[in-house]
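Chain by chain, the residues:
Protein chains: 2
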Amino acid sequence: MEHLKISSAQRIIFEAISTLDTEQVALEQSLWRVLAEDIYANRDLPPYDVSAMDGFAVHSRDLATLPVTLQIIEDIKAGDMPTLPLKTGQCSRIMTGAPMPQGADAVIRVEDTLELSADTVQMIVSVKSGHDVRPKGEQMHNGDVVLKAGAEITPGVIGILATVKAAKMQVYRRPSVAILSTGNELEAINAPPNPDKIPDSNTYALMAQVQALGIEPVLLGIARDDPAELEAFLKTGLEYDVLLVSGGTSVGVHDYVRPTIEKLGVSMKFWRVAMKPGHPLAFGVRHAASDALVFGLPGNPVSSMVCFEEFVAPALRCMMGHQRLFRRTVTARLAHAVKMRPGRTEFIRVQLTQDETGFIASSTGTQSSGVLLSMARADGLMVMPADCTGLAAGSQVTVQLLDGTAFQNDINFRE
Amino acid sequence: MEHLKISSAQRIIFEAISTLDTEQVALEQSLWRVLAEDIYANRDLPPYDVSAMDGFAVHSRDLATLPVTLQIIEDIKAGDMPTLPLKTGQCSRIMTGAPMPQGADAVIRVEDTLELSADTVQMIVSVKSGHDVRPKGEQMHNGDVVLKAGAEITPGVIGILATVKAAKMQVYRRPSVAILSTGNELEAINAPPNPDKIPDSNTYALMAQVQALGIEPVLLGIARDDPAELEAFLKTGLEYDVLLVSGGTSVGVHDYVRPTIEKLGVSMKFWRVAMKPGHPLAFGVRHAASDALVFGLPGNPVSSMVCFEEFVAPALRCMMGHQRLFRRTVTARLAHAVKMRPGRTEFIRVQLTQDETGFIASSTGTQSSGVLLSMARADGLMVMPADCTGLAAGSQVTVQLLDGTAFQNDINFRE
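Heads up: the protein sequence lines correspond to chains A and B, in order. Going by my numbering, the first residue of the first sequence is number 801, and it counts up by one from there. Going by my numbering, the first residue of the second sequence is number 801, and it counts up by one from there.
Hint data in this document are derived by calculation from the structure and do not stem from the laboratory. One should not assume that every hint holds.
Here are the computed lysine-lysine pairs in the BS3-like style, where the Cα-Cα straight-line distance is at most 27 Å [said to hold, decoys possible]:
hint	chain 1	residue 1	chain 2	residue 2
1	B	K877	A	K1069
2	B	K877	A	K997
3	A	K997	B	K948
4	A	K877	B	K1069
5	A	K997	B	K936
6	B	K948	B	K877
None of these values were measured; they are calculated from a predicted model.
Work out the full structure: start from the sequences and follow the hints.
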């Protein structure tokens, strides 16, 4: 069996997949989706010069000699249009966002004035022309492309979509995802406890990793090590865009997954990826009316979760049109020395703290891939390159953030 | 009007709020919620010593002299119990996760052996006792607290919950949130375009910021600057745990929000917070059978979004039981010089790139708080302390990550 580099395995996966088709969603359902169309401004915004502050619209040349008393000729609220042009010695009271009156070129904040009466105000500061005025079209000009296809719909993007009154928009479809666990040793969450069995955690950890990407997966359950049962489950799973199978891809002689899945028309590649925890990993495609992708993940819970982050999450995000496919990395200093047997890229579960110089990474404890608590406690995965034999306390390291859902364009770590 | 520090305003908010009551959710609906109960292990896991690899269960002392040929006496699959104890010179074929047979103390990986026949195998490496064996209880011991109340339910935590077969659990309730925009100048998303109006983007940007925290808000729409209309809207809004009102909290004379909201029994505090963009900000509580919190946010779209991140998001997360309330910060180097007028903490919208030394921050362009595109393009908010007069290119700065949803315990920037 081949021993692949992480980047090589990723490249094979990316070559086999493509962005899915598009669908229309309402603005209210669009958060974290990816735009599949360019979005244009449908007006100048602001539609005219407006005040950036609550205060008084003035002509700056009237403030050349201070203090000066001006006559207030009008009150302009946001949403009103001014009716009176300013003459020398005049000003209008104006609210933030309200249109500037004719003859005014600047705004004096209300805090910088002394109101003498209902219709006179003393100016005590001078300003340049344009001060605290938002010029027409500052935010956008009619016809501008304000958002390009491929943009992720963040809260700020939703603000822009609302600004151009895009109540619906085309986005890339999300893949349908099915999850299957395999193995006679597994006990379903609703099954009576049997001391000789192992509870099936992979189904749910993978479910949550998929949910964290905004996809609601279908849980197929547990397939026993029986060719007919496995075939029935796999057949169902291949009706989805992506099938995640955990367990059953090892080199052991009791493995029915490989022959069964190949019998169903899936062209599978089985790899040992040079990473720890991780290998073995399988990936395959069944080309049909709509392609089905299959990922075979290790049965070990930590390995399964790490493989998901390194291979499945980037693939699912790519299918949804994202440009940011990889977990956000940060640099950190190592809180303690770490020994390592070189040969495979190692992902060490770490907690992060901060001081004035940046992040400090410390191991979550045992790194046994059997101990899922190490993953539950982790803020990130510290990446130890394959040629590393160990690092001293204080060394600079790269950590993939696991908390929350921040992604970046490049994988940005050395294997 | 007071000029408050950001941290002072946050402290007043935190003193007025508390964690909400709890509710039961199913494991499938629990992602990113916060546990409101301790979770215990309900068995030893693994329930006995198991193999960590596919290979052969041996006694390490049989491998003292190499090579050595051992007799294979049994095949042990995961989910099976071994039936034959090993004698000297014997081994059993064993799968990952399968129980170790009596008389075995180590596992030799299948790759490190030469199979001579169906029932003999040659060992070519020696190992220590315990090698590639996961000891009974390595993952958890029966009765251990495996997760504490207050833990955020991440994918790793969901794996642990599934491991102890917690199909349902108590979590802190999410607040109900209503969003109201105010101002005659605003145009609803479904209203016909009027060139003299400004589209209401705040409702949707705030909606998305609330959704990003896992809460589906109720959108109340736009209240005109009319006391009766405003009162009716605010009354409805106060039926929710949290009401967000944007616009109408300025010092202008046309402001009906303050008197109307106080008339409805809300004890309001109005502040100018020493930040840019940002002020003015209002915060109030109406104590009743269930308390209602009101946040008055600036009408300006960028200011409203920044105030949400600094004040509303931490409050909502606190109510949901989170310990990590503040946006994740990273240190970055500034790509270009930045000038600043000291006096207020400034949040500059930046894009982040990376090189081998870490993050590089560069401005998204105009920092006018009228330009929402600067927010849509931002990866983060660079925090310029209030006493700063400017920074040279290459200076170390603190950036709050806006992409995705990563949070930390402390605010971790200097105001």
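Outcome of the hint check:
1. B:K877 <-> A:K1069: holds (24 Å)
2. B:K877 <-> A:K997: Holds, at roughly 12 Å.
3. A:K997 <-> B:K948: holds (25 Å)
4. A:K877 <-> B:K1069: holds (24 Å)
5. A:K997 <-> B:K936: Cα-Cα ~13 Å, so holds.
6. B:K948 <-> B:K877: The given pair, whose Cα atoms are some 35 Å apart, is violated under the 27 Å limit.
Hint compliance for this structure: hint 6 alone is broken.
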